[in-house]
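Engineer: Start from the sequences, fold in the hints, and give me the full structure.
The sequence shown begins at 592 in our numbering and counts up one residue at a time.
Just so you know, not all the hints are guaranteed correct.
[Said to hold, decoys possible] Below, a list of computed lysine to aspartate or glutamate pairs in the EDC-like style, where the Cα atoms sit at most 16 Å apart:
1. LYS717 to GLU883
2. LYS822 to GLU883
3. LYS967 to ASP942
4. LYS967 to ASP1013
5. LYS822 to ASP942
6. LYS918 to ASP953
7. LYS831 to GLU894
8. LYS671 to ASP702
9. LYS822 to ASP895
10. LYS823 to ASP844
[Claimed, not checked] Okay, the calculated beta carbon distance ranges per label pair:
11. ALA610 to LEU827: 25 to 31 Å
12. ASP995 to GLY865: 44 to 50 Å
13. LEU936 to MET840: 35 to 41 Å
14. ALA972 to ARG680: 37 to 43 Å
15. LYS831 to ARG907: 15 to 21 Å
16. ARG996 to SER917: 25 to 31 Å
17. THR977 to LYS741: 14 to 20 Å
18. ARG664 to THR835: 39 to 45 Å
19. ASP815 to THR693: 34 to 40 Å
20. ALA610 to ARG695: 21 to 27 Å
21. ASP895 to PRO778: 39 to 45 Å
22. MET840 to LYS741: 48 to 54 Å
23. ASP797 to ARG680: 48 to 54 Å
In short, the hints are calculated from the structure, not lab data.
We put the beta carbon where it would ideally sit given N, CA and C, even for glycine.
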Amino acid sequence: MSGAARIARECGIVGAGGAGFPTHVKLQARADTFAVNAAECEPLLYKDQEILENFLEPFAEGLVRCGEAVGARRLLVGIKDKHPRLIERLRDELPRSVEVLTLRDTYPSGDEHILVWETTRRAIPKGGLPLDVGVVVQNVETVLNVGLAKPVTEKFVTISGAVPEVLTLRVPLGTSLRDVLSAAGAPVSGMGYVVNGAMMGTVAEDLDEPVTKTTSGILVLPLDHSVLARKKRTPLQVHKIAATCDQCMRCSDLCPRDLLGHFVKPHKAMISIGFAPDQAVAWQETALYCCECALCSLYACPEDLDPFRVMVESKRALLARGVRPSKEEVAPSPLFEYRRTPTRLLMRRLDLLRFEAPHRFDARPIPARILRLPLKQHAGAPSAPTVQSGDRVQAGQVVAEIPDRALGARIFAPKSGRVLVDESAVTVEVS
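Structural biologist: Here it is, written out as structure tokens:
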């Protein structure tokens, strides 16, 4: 292992969003194309844009390193066309070998299957990965971390929504959401909080929850906001309202993966709710290829049902039964370009347009005294602690290592202090 893959392993770099797949593994692949996903399609999240605006030089270094690591002949950045000034700057200041390609402002343009199709016109197989068509995809912050070549101890987080000022902060890992909100001047009570975006994010029930390597943003919303109400539905509520589905098929008509030819049919999964488990499988199998973008529930369904939750539940049930997705070649639908969902229409449907506001990066320090570092902030096995309760650690010191012969990532102390170790986390008491 050498170059960018070695940097990624030694520095604990993982995908800075989604499942947090360890980057050193991804960079050991061979591909002719390396693509940076700069689409940032979640409404009201801006951290990738702020990184490109404020940290372009180390980002460019990381991009070149990653391209060299996978043997790519082609380097590209996919970014939405709504950022003309930033696009012009990228084309002026990135190495000449890098192509900056524009994407339509639709949701979910950041889905890697859509990104690869729009930038290369290669269709990733159903049940497949970008590598199946010779492409490796990484997001902006992950590439930046490779360029910085330092232990990952901080995370870029956007604080937006019902806040005095929309900010992107550089936050020490393990900082509580409460401390992040306080540092941003945002309210810490009397509101609802969605971590990682209105579409694919989750409601934070406890503001002592820590920032991890995959935290991208905190969306602050009034308690009566519809996004919160939908995300807080219980499984029983989801099942009861699913029984009223009239099979209009709008969820399937607008499904991004279905438009790519993957035969993802949320309306079929809705039928399965009333069936016994053995009878439901045939109707649920379509869920294996769902990308969990939530467009079907939060935009497409005219009856405010929750096909997204039904799809996720169906997928989990199938995987538990040992059913696995198959890999098949696909061809995008002729309607792909005509059934895309414009982001602004989505925001209007979700009542988020009123929270649009100027945003900026702020380098202010975050005065956190307790940093709780979960041992599992990534895909794979939990990291193994290398320290014991009562030990004193220095900023940048390894506190958890990749287990032998396992998929995982290192974890470092963001600040100096004394540690407390339990079965799920290493906590640093800063001093």
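Engineer: Now look at each hint and say whether the structure bears it out.
Structural biologist: Checked hints:
1. In summary, the hint linking LYS717 to GLU883 is supported, as the alpha carbons are separated by about 15 Å, within the 16 Å threshold.
2. Taken as a hint, the LYS822 and GLU883 pair is honoured in the structure, with Cα atoms around 13 Å apart against an allowance of 16 Å.
3. With a C-alpha separation of about 34 Å, the suggested pair LYS967 and ASP942 falls outside the 16 Å cut-off, and the hint is violated.
4. About 13 Å separates the Cα atoms of LYS967 and ASP1013, which keeps this hinted pair within 16 Å; it holds.
5. Taken as a hint, the LYS822 and ASP942 pair is honoured in the structure, with Cα atoms around 15 Å apart against an allowance of 16 Å.
6. Distance restraint check for LYS918 and ASP953: the Cα-Cα separation of roughly 44 Å exceeds the 16 Å cut-off, and the hinted pair is therefore not satisfied.
7. Restraint check for LYS831 and GLU894: satisfied, since their Cα atoms lie roughly 13 Å apart, inside the 16 Å limit.
8. Between LYS671 and ASP702 the CA atoms are separated by roughly 13 Å; this keeps the pair inside 16 Å, and the hint holds.
9. Under the criterion of a C-alpha separation no larger than 16 Å, the hint pairing LYS822 with ASP895 is consistent with the structure, at around 12 Å.
10. Taking the CA atoms of LYS823 and ASP844, the gap is about 26 Å. The hint is violated against a cut of 16 Å.
11. A beta carbon spacing of about 28 Å between ALA610 and LEU827 agrees with the range 25 to 31 Å that was offered as a hint.
12. Remark: the range hint 44 to 50 Å for ASP995 to GLY865 is upheld by a beta-carbon distance near 47 Å.
13. Taking the beta carbon of each, LEU936 and MET840 are about 19 Å apart, not inside 35 to 41 Å as hinted.
14. With their beta carbons about 40 Å apart, ALA972 and ARG680 fall inside the hinted range of 37 to 43 Å.
15. Here the CB-CB span from LYS831 to ARG907 is close to 19 Å, well matched to the stated 15 to 21 Å.
16. For ARG996 and SER917, the hinted distance range of 25 to 31 Å is satisfied, since their beta carbons lie about 28 Å from each other.
17. In this structure, THR977 and LYS741 meet the distance hint of 14 to 20 Å, their C-beta atoms being roughly 19 Å apart.
18. A C-beta distance of roughly 53 Å is found between ARG664 and THR835, which places it outside the suggested range of 39 to 45 Å.
19. Taken as a hint, the range 34 to 40 Å holds for the pair ASP815 and THR693, whose Cβ atoms sit roughly 37 Å apart.
20. Between ALA610 and ARG695 the Cβ separation comes to about 26 Å, which falls inside the hinted range of 21 to 27 Å.
21. Taken as a hint, the range 39 to 45 Å is violated for the pair ASP895 and PRO778, whose Cβ atoms sit roughly 28 Å apart.
22. At roughly 50 Å, the beta carbons of MET840 and LYS741 sit within the given window of 48 to 54 Å.
23. The beta-carbon spacing between ASP797 and ARG680, approximately 40 Å, falls outside the hinted interval of 48 to 54 Å.
The structure fails hints 3, 6, 10, 13, 18, 21, 23 (numbered hints given earlier, in ascending order).
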